[in-house]
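Listed here are the chains, written in short residue letters.
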Amino acid sequence: MFSESISIALAGLKANKLRAMLTMLGIIIGVGAVIAMVSIGMGVKDKVATSIAGLGSNLLVVTPGASNAGGSRQAAGSSITLNEKDALAITQEISGINLVAPAVTRSYQVVFGNQNWTTSIQGTTPDIQGIRNYNIEEGSFFTNQDVETRARVAVLGKTVAENLFNGGTPIGQTIRINNAPFRVVGVLEAKGESAGGNQDDTVIIPLKTAQERLMGITYIQNINVQATGTDVIYQVQDDITTLLRARHKLAATAPDDFTVRNMVAIMAAADETTSMITSLLAVVAGLSLLVGGIGIMNIMLVSVTERTREIGIRKALGARYQNILLQFLIEAIVISVTGGVLGIVLGIGASYGISSVAGWNTVISSLAIVAAFAFSVFIGLFFGIYPARKAALLDPIEALRYE
Amino acid sequence: MSILLSEVTKVYQLGGERVNALAGITLSISPGEFTAIMGPSGSGKSTLMNILGCLDRPTTGSYMLDGQEVATLNDDQLAITRNKKIGFVFQSFNLLPRMSTLQNVALPMVYAGVEKKERLARAEQVLAMVGLESRMNHQPNELSGGQRQRVAIARALVNDPTIIMADEPTGNLDTKSGDEVMNIFSELNSQGRTIILVTHEPDIAEYAGRVVYVRDGLIERDEWKVR
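Those protein sequences? They're chains L and X, same order as listed.
Residue 344 in our numbering sits at position 358 of the first sequence, and the numbers go up by one each step.
Residue 214 in our numbering sits at position 130 of the second sequence, and the numbers go up by one each step.
Read the hints as simulated data drawn from the structure, not as lab findings.
Bear in mind the structure is a predicted one, so any value in this text is a computation, not a measurement.
Treat the hints with care, since some could be wrong.
[To be verified] Pairs of lysine-lysine, BS3-like flavour, derived with a Cα cap of 25 Å:
#: 1; chain 1: X; residue 1: LYS200; chain 2: L; residue 2: LYS0
#: 2; chain 1: L; residue 1: LYS235; chain 2: L; residue 2: LYS0
#: 3; chain 1: L; residue 1: LYS31; chain 2: L; residue 2: LYS3
#: 4; chain 1: L; residue 1: LYS376; chain 2: L; residue 2: LYS3
#: 5; chain 1: L; residue 1: LYS235; chain 2: L; residue 2: LYS33
#: 6; chain 1: L; residue 1: LYS0; chain 2: X; residue 2: LYS201
[Claimed, not checked] Every beta carbon over 10 Å from chain X, so not counted as near; a handful from chain L, in silico:
#: 7; residue: GLU70
#: 8; residue: SER106
#: 9; residue: GLY154
#: 10; residue: SER265
#: 11; residue: GLU296
#: 12; residue: LEU303
#: 13; residue: LYS376
Using N, Cα and C, we set each Cβ at its ideal position, and we do this for glycine too.
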């Protein structure tokens, strides 16, 4: 009986091919939109996550607070309250820490031959490699020995190397940073964009060299701390705050003169934001699926009215309530399921299209595919049941009289 | 006793007004009878036909069909009864368009739950009985009126019903096709089938062995003809 209902329903759809196609289009676009939108959302989410993770995993960054000059507060990070001893104290007194790298950063012009490039010069210690996931492509990183001896050595980011050397080999060459000569000992692997800009547009030199030979400062601008895991990172954050308050002799009521930024927390916040964007996109796309469903209901109602006489004939010949109900319900479901399948194809195609044309990152989610398809089947059932019931409840005498 | 109506009434609610379509009909039709129901429009003959054909239930009274009370059946039970015991032939043929002649004839068997193979075999057989086996793959709109009505008769016969109900079966046909159709009914009747014919044409009623005249919801006359 069921297979009969399917073939009757298919015959009914065949009789009105264009109409069935147009109705299906609503579902195709709806399902396609859900899949494409979720793919884009997931792509954004993925990209944000990798770009934050690119900064380093389990990372805490301690920066000084705003300096206060005559009641006028300067930008955050402008104060000079952090020094190397703070970094050393963190290393020695706080547990749950893998690596600590204090750092200073300033922008300088870098010159090699007739090429020049203005970039950010970071002075730090070799531990930064582990914290920021810097990998050496050529040469080697400088050593702790270099930091202590204030060696004039530099490790170049990929962007800087390319711009100064145009494909030539930088290792062993001497570049000038703010007119001071530095020997290039290594080139970093490309890391690409990250939160906070191009990570490859940088030059890394030993901390003390930067402080004393380049910038002429004794304080440090940030301390990068890698915790042993996400489970301890909040504890480490609290411990650092307590330690630094004690070291800076802040009164209980005084605000912190530093900030501890927790990358895990930032990542969680970003993740929440991108998840929300994804859901929002999915809901908007889902609305179009709903509209598609209303289209099915509309066309099924038209179809029932048009075929009143047919229904009357079928009933006179012995069709029961469920025969007619199934016939129309299956028509609706065939429209929605076929539309759903085509919509999946469209959605996946659109995702690939968007990522190749617009260059956006898209991640095709199998959950979105399954959910969109299931939703389209449900839509077919939900919006098909009313017209089908209407047809099945028709009075055969009235229906036969219908012109 | 194949059909037994006793004190059947039918009351419609038409725009707040009660219409007594049938005012109390008692009628028995034996197996193998060829009965014509005649009457002017508004006489209640269509209502009587609907009740006899199990398309409708009487308001009061009893309708025994093949020893079974059908006046109190629900919609689905009525549908099953129509499917198994009654074959309909309509004035406007009521074949389904876009379906072949064969599929149209096989349709009642779909609702009887007959296997597809058997369905098509039987439909072909019945089509041959009305002389249309060569047209089984044609669609209804490719056939003449007389041929269409013969397809409709084949469809009415296919589930081997107790009664064939024909509602103005010649109303849309020319005299020649009409005669052909009526000859088929006579033929079927001579094979022992019960035929109930609703018509307002005395010529057509001539084919029947019994004519029941209905007026104002009551049986006015009931005439047996001696052939």
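Of the numbered hints stated previously, which ones are contradicted by the structure, given in increasing order?
-> Checked against the structure, the hints that fail are numbers 2, 3, 5, 11, 12, while the rest are satisfied.
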